[in-house]
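Chemist: Assemble the complex: chain A is given as a structure, and chain B must be docked to it using the hints.
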Amino acid sequence: MKENELPRIIGFLCKWCSSAGADLAGVSRLKMPASLIPIRVMCSSRVDPVFVLKAFLGGADGVLVAGCHPGDCHYQSGNYYTRRRFALTKKIFEELGLDTNRIRLSWISASEGHKFVNVVTEFTENLKKIGKNPIETEVFL
Amino acid sequence: MAKPLVAFYWCASCGGCEEAVIDLAEDILKVVEAVDIKLWPVAMDFKYKDIEAMEDSALAVSFINGAIRTSEQEYMAKLLRKKSGLVVAFGACSHLGGIPGLANVANKKEIFETAYKLTHTTVNPKGVYPQTVTEIPQGKLTLPEFYDTVKTLDQTIEVDYYLPGCAPPPDLIMNAITAILEGKLPEKGSVLTVDKALCETCPLNKSKPDKLAIKEIKRISEVIHDPEKCFLAEGIICLGPATRGGCGERCINANMPCRGCFGPTKEVKDMGAKFLSSLASIIDVDDEKEIERIAESVLGPIGLFYMYTLPSSILRRKQGV
Numbered sequence: 207m208k209e210n211e212l213p214r215i216i217g218f219l220c221k222w223c224s225s226a227g228a229d230l231a232g233v234s235r236l237k238m239p240a241s242l243i244p245i246r247v248m249c250s251s252r253v254d255p256v257f258v259l260k261a262f263l264g265g266a267d268g269v270l271v272a273g274c275h276p277g278d279c280h281y282q283s284g285n286y287y288t289r290r291r292f293a294l295t296k297k298i299f300e301e302l303g304l305d306t307n308r309i310r311l312s313w314i315s316a317s318e319g320h321k322f323v324n325v326v327t328e329f330t331e332n333l334k335k336i337g338k339n340p341i342e343t344e345v346f347l
Numbered sequence: 029m030a031k032p033l034v035a036f037y038w039c040a041s042c043g044g045c046e047e048a049v050i051d052l053a054e055d056i057l058k059v060v061e062a063v064d065i066k067l068w069p070v071a072m073d074f075k076y077k078d079i080e081a082m083e084d085s086a087l088a089v090s091f092i093n094g095a096i097r098t099s100e101q102e103y104m105a106k107l108l109r110k111k112s113g114l115v116v117a118f119g120a121c122s123h124l125g126g127i128p129g130l131a132n133v134a135n136k137k138e139i140f141e142t143a144y145k146l147t148h149t150t151v152n153p154k155g156v157y158p159q160t161v162t163e164i165p166q167g168k169l170t171l172p173e174f175y176d177t178v179k180t181l182d183q184t185i186e187v188d189y190y191l192p193g194c195a196p197p198p199d200l201i202m203n204a205i206t207a208i209l210e211g212k213l214p215e216k217g218s219v220l221t222v223d224k225a226l227c228e229t230c231p232l233n234k235s236k237p238d239k240l241a242i243k244e245i246k247r248i249s250e251v252i253h254d255p256e257k258c259f260l261a262e263g264i265i266c267l268g269p270a271t272r273g274g275c276g277e278r279c280i281n282a283n284m285p286c287r288g289c290f291g292p293t294k295e296v297k298d299m300g301a302k303f304l305s306s307l308a309s310i311i312d313v314d315d316e317k318e319i320e321r322i323a324e325s326v327l328g329p330i331g332l333f334y335m336y337t338l339p340s341s342i343l344r345r346k347q348g349v
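Going down the list, the protein sequences come from chains A and B. Taking our numbering, the leading residue of the first sequence gets 207, the next gets one more, and so forth. Taking our numbering, the leading residue of the second sequence gets 29, the next gets one more, and so forth.
Looking at chain A on its own, in the form it has when it is part of the complex (with noise of 0.2 angstroms):
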């Protein structure tokens, strides 16, 4: 990757806690690399590993699935959902010879805009060390 490109990352954040989180960060003023694409979804149990696999296939060079704290949830139980996927997707992804630093979860709730920041600046930084994804550029099929 080059010195000021900036890797490509898709955020699925959730309506309740992340993408309020996010939009704190935004109101607050804070400063963070414009790396992040974000796609507000209502709970993080929504991302089903195909949106995953899809935005890889699309030339995301990061994935970042964000939502509330473990026990937060607004429906009581998404989030513990989305962890116990996460970490199979996360199995497959190594089987597959993905990158799993690729792919990111992380818990920011509504009041956390700072962590929003911390979250989306420190995954840039080691995607940049990564590179891009690699299968943009390699003739797979």
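There's no promise every hint is true.
[To be verified] Below, simulated BS3-like cross-link-like pairs (lysine-lysine); rule was C-alpha separation at most 25 angstroms, straight line:
{"no.": "1", "chain 1": "B", "residue 1": "297", "chain 2": "A", "residue 2": "296"}
{"no.": "2", "chain 1": "A", "residue 1": "237", "chain 2": "A", "residue 2": "208"}
{"no.": "3", "chain 1": "B", "residue 1": "246", "chain 2": "B", "residue 2": "236"}
{"no.": "4", "chain 1": "B", "residue 1": "216", "chain 2": "B", "residue 2": "77"}
{"no.": "5", "chain 1": "A", "residue 1": "334", "chain 2": "B", "residue 2": "346"}
{"no.": "6", "chain 1": "A", "residue 1": "296", "chain 2": "A", "residue 2": "334"}
{"no.": "7", "chain 1": "B", "residue 1": "246", "chain 2": "A", "residue 2": "296"}
{"no.": "8", "chain 1": "B", "residue 1": "297", "chain 2": "A", "residue 2": "260"}
{"no.": "9", "chain 1": "B", "residue 1": "168", "chain 2": "A", "residue 2": "260"}
{"no.": "10", "chain 1": "B", "residue 1": "216", "chain 2": "B", "residue 2": "297"}
{"no.": "11", "chain 1": "A", "residue 1": "296", "chain 2": "B", "residue 2": "243"}
[Claimed, not checked] Label-pair ranges, simulated between beta-carbon atoms:
{"no.": "12", "chain 1": "B", "residue 1": "248", "chain 2": "A", "residue 2": "307", "range": "49 to 57 angstroms"}
{"no.": "13", "chain 1": "A", "residue 1": "307", "chain 2": "B", "residue 2": "142", "range": "23 to 31 angstroms"}
{"no.": "14", "chain 1": "B", "residue 1": "142", "chain 2": "A", "residue 2": "207", "range": "47 to 55 angstroms"}
{"no.": "15", "chain 1": "A", "residue 1": "263", "chain 2": "B", "residue 2": "317", "range": "26 to 34 angstroms"}
{"no.": "16", "chain 1": "A", "residue 1": "276", "chain 2": "B", "residue 2": "55", "range": "53 to 61 angstroms"}
{"no.": "17", "chain 1": "A", "residue 1": "239", "chain 2": "B", "residue 2": "85", "range": "39 to 47 angstroms"}
{"no.": "18", "chain 1": "A", "residue 1": "211", "chain 2": "B", "residue 2": "134", "range": "28 to 36 angstroms"}
{"no.": "19", "chain 1": "A", "residue 1": "209", "chain 2": "B", "residue 2": "84", "range": "56 to 64 angstroms"}
{"no.": "20", "chain 1": "B", "residue 1": "216", "chain 2": "A", "residue 2": "211", "range": "23 to 31 angstroms"}
{"no.": "21", "chain 1": "B", "residue 1": "224", "chain 2": "A", "residue 2": "307", "range": "33 to 41 angstroms"}
{"no.": "22", "chain 1": "B", "residue 1": "331", "chain 2": "A", "residue 2": "340", "range": "35 to 43 angstroms"}
Derived from the structure by calculation, the hints contain no laboratory data. Glycine is no exception: its CB is placed at the ideal position from the N, C-alpha and C atoms.
Modeler: Below, chain B without anything else, positioned relative to chain A:
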């Protein structure tokens, strides 16, 4: 009136689909009476050049089983497409990639090295690998090109209908042949069976608790399975929720969990990911460490979740090899 001409062809497959045709038992006599078989390499002697000499669309229907792995299979699939009115992908390998499709976790080089060098029963000190052309004093010997990636039939040619299963059950084969002969075919591109998940018709469904909740993933060899009880309720992975039904629950009735040979239902794009989602929903554990331990306890997740569907999945193969 001349009988309709039919071809059976096999690509990367085990021969089980050919066996399934024979399993029609007495019904096969009705088939032979109604049609004229023009090509069936496993059972009868015909030459490729006879097919090449035919007029386009001269064959009423070609049943092609097996995935596409070599150049010869690709050539024959394309030839039969040209010479046939209808092409039916016969069985899981041509429909979804099947067991041969699991080779997509490796590439040609790795497969050749394992098969012709590294296995203990192989003695190959000179490192001789199959070549597409070999010169010998008597002339040239040729072999088909072996591809890196296994493809399904519909990734190679246009396919009209799919007969699912490993191997397709005789009643579905007979229904399909009857439908073709009578011209009562569904919409093009259909899978010739029901479009409902296996669980809907599973005889063990009534024993399934309202909410499935498991603490542990077990292998079938680790438990004494109660034949009256839902596999998932016992913690044994069964792909029933993500698999198309219509198979007659052959495996379930033989006390084995479903492995997904009928593939997903119509709307599902990636069967492995879909099943993974449903499995994550029934694991009744909230502790983070415990979840990771359970995820680790799934041995060979590709072979389990994508047993028959790797080439037809979103990623189609392992990346970076």
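Chemist: A separate judgement is required for each hint: does it hold in the structure or not?
Modeler: Here is how each hint holds up against the structure:
With a C-alpha separation of about 19 angstroms, the suggested pair residue 297 (chain B) and residue 296 (chain A) falls inside the 25 angstroms cut-off, and the hint holds. With a C-alpha separation of about 21 angstroms, the suggested pairing of residue 237 (chain A) with residue 208 (chain A) holds against the 25 angstroms cut-off. A C-alpha spacing of about 17 angstroms is found between residue 246 (chain B) and residue 236 (chain B), which places the hinted pair at or below 25 angstroms, so the restraint holds. The straight-line distance between the Cα atoms of residue 216 (chain B) and residue 77 (chain B) is roughly 29 angstroms, outside the 25 angstroms bound, and the hint therefore fails.
The suggested pairing of residue 334 (chain A) with residue 346 (chain B) holds, with an alpha-carbon distance near 23 angstroms, which does not exceed 25 angstroms. The straight-line distance between the Cα atoms of residue 296 (chain A) and residue 334 (chain A) is roughly 20 angstroms, inside the 25 angstroms bound, and the hint therefore holds. The suggested pairing of residue 246 (chain B) with residue 296 (chain A) holds, with an alpha-carbon distance near 20 angstroms, which does not exceed 25 angstroms. Restraint check: the Cα-Cα separation between residue 297 (chain B) and residue 260 (chain A) comes to about 11 angstroms, which is no more than 25 angstroms; the hinted pair holds.
Taking the CA atoms of residue 168 (chain B) and residue 260 (chain A), the gap is about 46 angstroms. The hint is violated against a cut of 25 angstroms. Distance hint between residue 216 (chain B) and residue 297 (chain B) is fulfilled; the C-alpha atoms sit about 18 angstroms from each other, no more than 25 angstroms. At most 25 angstroms may separate the alpha-carbon atoms for a hinted pair to count; residue 296 (chain A) and residue 243 (chain B) meet this at roughly 20 angstroms. Remark: the range hint 49 to 57 angstroms for residue 248 (chain B) to residue 307 (chain A) is contradicted by a beta-carbon distance near 34 angstroms.
Here the CB-CB span from residue 307 (chain A) to residue 142 (chain B) is close to 29 angstroms, well matched to the stated 23 to 31 angstroms. Judged by the Cβ atoms, the range 47 to 55 angstroms given for residue 142 (chain B) and residue 207 (chain A) is violated: they are separated by roughly 35 angstroms. Taken as a hint, the range 26 to 34 angstroms holds for the pair residue 263 (chain A) and residue 317 (chain B), whose Cβ atoms sit roughly 31 angstroms apart. With their beta carbons about 58 angstroms apart, residue 276 (chain A) and residue 55 (chain B) fall inside the hinted range of 53 to 61 angstroms.
Judged by the Cβ atoms, the range 39 to 47 angstroms given for residue 239 (chain A) and residue 85 (chain B) is violated: they are separated by roughly 58 angstroms. Residue 211 (chain A) and residue 134 (chain B) have their C-beta atoms about 33 angstroms apart, which keeps the hinted 28 to 36 angstroms range intact. Restraint check, residue 209 (chain A) to residue 84 (chain B): a C-beta distance of roughly 58 angstroms satisfies the suggested window 56 to 64 angstroms. Take residue 216 (chain B) and residue 211 (chain A): their Cβ atoms lie about 46 angstroms apart, and the range 23 to 31 angstroms is violated.
Range check, residue 224 (chain B) to residue 307 (chain A): Cβ separation about 40 angstroms, and the 33 to 41 angstroms hint holds. Range check, residue 331 (chain B) to residue 340 (chain A): about 24 angstroms between beta-carbon atoms, so the 35 to 43 angstroms window is missed.
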